[in-house]
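Protein chains: 2
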Amino acid sequence: MTKQGSPGGTNLDPWYDNYADRTAGLSASAVRALFAVASRPEVVSLAGGMPYVSALPDELVTGALERVMRDQGPVALQYGSGQGTPEVREHILEVMRTEGIRGSIDDVVVTTGSQQALDLVSKIFLNPGDIVLAEAPSYVGALGVFKSYQAQVRHVGMDAEGMIPELLLEAIAALKAEGQRIKLLYLIPNFQNPAGVTLSWERRLRIIEIARAHGILIIEDNPYGLLYFDQPAPHAMRSVEEEGIVYLGSFSKTFAPGFRVGWALAPHGIKEKLVLANESAVLSPSTFSQSVITEYLNAADWKGQIDTFRVMYRERRDAMLEALDDFLPEMSWTVPNGGFFVWLTLPEHLDSQSMLPRAVKELVAYTPGTGFYADGNGRHNIRLSFCYPKPDFIREGVRRLSTVINAERALLDTFMQSTPAVMPLDRGVVNPPANIN
Amino acid sequence: MTKQGSPGGTNLDPWYDNYADRTAGLSASAVRALFAVASRPEVVSLAGGMPYVSALPDELVTGALERVMRDQGPVALQYGSGQGTPEVREHILEVMRTEGIRGSIDDVVVTTGSQQALDLVSKIFLNPGDIVLAEAPSYVGALGVFKSYQAQVRHVGMDAEGMIPELLLEAIAALKAEGQRIKLLYLIPNFQNPAGVTLSWERRLRIIEIARAHGILIIEDNPYGLLYFDQPAPHAMRSVEEEGIVYLGSFSKTFAPGFRVGWALAPHGIKEKLVLANESAVLSPSTFSQSVITEYLNAADWKGQIDTFRVMYRERRDAMLEALDDFLPEMSWTVPNGGFFVWLTLPEHLDSQSMLPRAVKELVAYTPGTGFYADGNGRHNIRLSFCYPKPDFIREGVRRLSTVINAERALLDTFMQSTPAVMPLDRGVVNPPANIN
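So the sequence lines, in the order shown, correspond to chains A and B. When the letters of the first sequence are read in order and numbered with my numbering, they come out as residues 1 to 437. When the letters of the second sequence are read in order and numbered with my numbering, they come out as residues 1 to 437.
In short, the hints are calculated from the structure, not lab data. Bear in mind that the values here come from a model prediction, so they are computed numbers and not experimental data. One should not assume that every hint holds.
[Claimed, not checked] With a straight-line cut-off of 25 Å between C-alpha atoms, the simulated SDA-like cross-links for lysine to any residue are:
(1) A:K271 - B:D71
(2) A:K271 - B:D21
(3) A:K390 - B:D21
(4) B:K147 - A:Q152
(5) A:K390 - B:D71
(6) B:K303 - A:M69
(7) A:K176 - A:P165
(8) B:K271 - A:A24
(9) A:K303 - B:Y79
(10) A:K271 - B:F35
Assemble the whole structure, with the sequences as input and the hints as a guide.
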């Protein structure tokens, strides 16, 4: 007889009592249902992080597909190595060299998007209860992975130059005093998701030093690094530290996410385990996808194509900043020098999550800040994406958002005159300096 | 300071002490290094399980690729749903109907090969120490996944009709008496990997009944079902039981593995968790790969193509059986009615693993039986694959193998005259009836 439901019998899943403990850490986003609504064409979505793949000329892809079938045929259709093809790993080295990284193809593991690299690193390092340090806020998909292995995330505060080394030292000291085991320091140094800020070169060096001193492995996640707007980001942390960093990269933003090709560059011992974990998870990453990437990078002017993306995304970033200046001059936000995201801070008595249904009713969608914290913070923050809608739509989206925010403020001002005006400040939230508002 | 090595300082990985407990369960195959040698063209490999993709006409693939780019362009290049596209899930239902399965597209989750479906099911169900019941022998890649989640595998004996229900009942009773928690029953009912046998219809029904009575979820893994030779396999177990089975399917053997598209068909509550686990692991399965499969199934005579595969693999199976009859008449082996594998039983004093280097020296490779057991059994078994080499090469491979086996027997007969002639019988090994030798 299969076991029936949860205590009280309200759960209809007959397998409810059979799940692994870690499965409690898998939860659907609170805003998932709403996003289904938000995908209607009349809604301006400033919510997703989808690259604008229509800016990739069709003929660059079809050319690569033709060459794959002509030159690689049966090999591209077959199973491959659990580490990925040597050809695509060579190209990955070439891509990483543009950010100052030197390595060997032996140290690269190709994965099903860099999300899977993050999953595999987590799988091989995280015992239940282990600590992962991450920026405050941090990438929602990474927080989900850490949780799925029953690790605990502790956020470390940032400012406009990224994670603050002194706060990192404080967090480490406090956790060690509690007897916690800190395993990983997860960072998105360039054009961070969701905060849009970039870790300065001085801080990169300082944080590497701190991590080394405390035996903490750094995960340097860098999907957006090549998509800078005004000046290139500082070199990767991996360019100056090899043994203490697993570097994650992706073709999802510089080429196309539909092929699901990402990678990890890891110290030798870790790489060996990542390959085994990859084989266990998927046998081998898609040979066909890797062949397409290889042929694209072989023949196309991929650096020129990235320039095209950079110009396009910069225009969209500019449209968003201008619209914020025009429509929400009293708010504060970050000014990204690359990537896809602006992080908006609302007045402290506004709640971005409860406001979302009203925003969708006004035909604009965004991502509430709470998803980017493992500790319940982020209620008066919003992540705004400028990657997908065209500039006019971005402007219109921000205008609609301002309508919602202003109505919300007026409503709350009326009702809150007799309640305390200030809610507790979120810990570690980005506080942009006054001059970047 | 990162921690240095293992006790005694012999391990050079500075992160050695930081890995998760489960990472101890990730181990490279003992024969991996040898297989690198065995991939030389002069070696006849009867070792791998690679489908013969060259039998898939190029124009069927290039036609699908052209239609993907023409009709789906930016959508195929973009991120997609964590559950997979509705279009490919519709086609998956159509494929499953040929084995008697009815379901809704809501119940299908598309994965990065069915290996990943197995990984995700294991992730959501298996706590360290939990028991998975599996055939003896069973698929090496499944044993690896279970081990990577620190589960214990208990094998249940088979004969020419598949897993023996009485032995299953005995195993369950013994495990329950030990206080063990049995979570999953993993089965490959059709043309099993590695044993090549098929679970009879009567036993399917009996095993479903037993699993239901004991609250054990069945994983029905069916990559080879449509590749039958003489008569179709019995209908899937999932055709008569819905709530107690997660069914796994794959396009790797009926189309091409290079796209990495497999799926799970699961009861509602489990499906919900699989989607979340899939999103956590890879965000979404490759939209491009799913689009290619969709366009292939839309336009090509895919059933006719499977017939082509069936005829080709049957010819190879026949070549192998004939060669075994001619060159190794004193051995016993299974006679598969589909799939890729024959399971050969050597005289009990021969060790298939220690014999492998000599076989490779004679330019033939195979997979030793030990990989297919979690408990050290299988030393005098060999898995022979007939899927990849052409019939002449299969015959030559078996001839070379017979040379190695006969030399080994002669050698051991000389040295073992003064030692006990019989080593302990492996538990649960396939004992084919005399008439199928």
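Going through the hints against the structure:
1. A:K271 - B:D71: Outside the cut-off at roughly 39 Å; violated.
2. A:K271 - B:D21: holds (17 Å)
3. A:K390 - B:D21: Judged against 25 Å, a Cα distance of about 48 Å means the pair is violated.
4. B:K147 - A:Q152: Holds. B:K147 to A:Q152 sits at ~24 Å (cutoff 25 Å).
5. A:K390 - B:D71: Answer holds: A:K390 to B:D71 is near 23 Å, not above 25 Å.
6. B:K303 - A:M69: holds (23 Å)
7. A:K176 - A:P165: Roughly 16 Å between the alpha carbons, so the hint for A:K176 and A:P165 holds.
8. B:K271 - A:A24: holds (15 Å)
9. A:K303 - B:Y79: Since the Cα atoms of A:K303 and B:Y79 sit roughly 22 Å apart, the hinted pair holds (cutoff 25 Å).
10. A:K271 - B:F35: Measuring from Cα to Cα gives roughly 20 Å; hence the hint holds.
Hints 1 and 3 from the earlier list are contradicted by this structure; the remaining hints agree with it.
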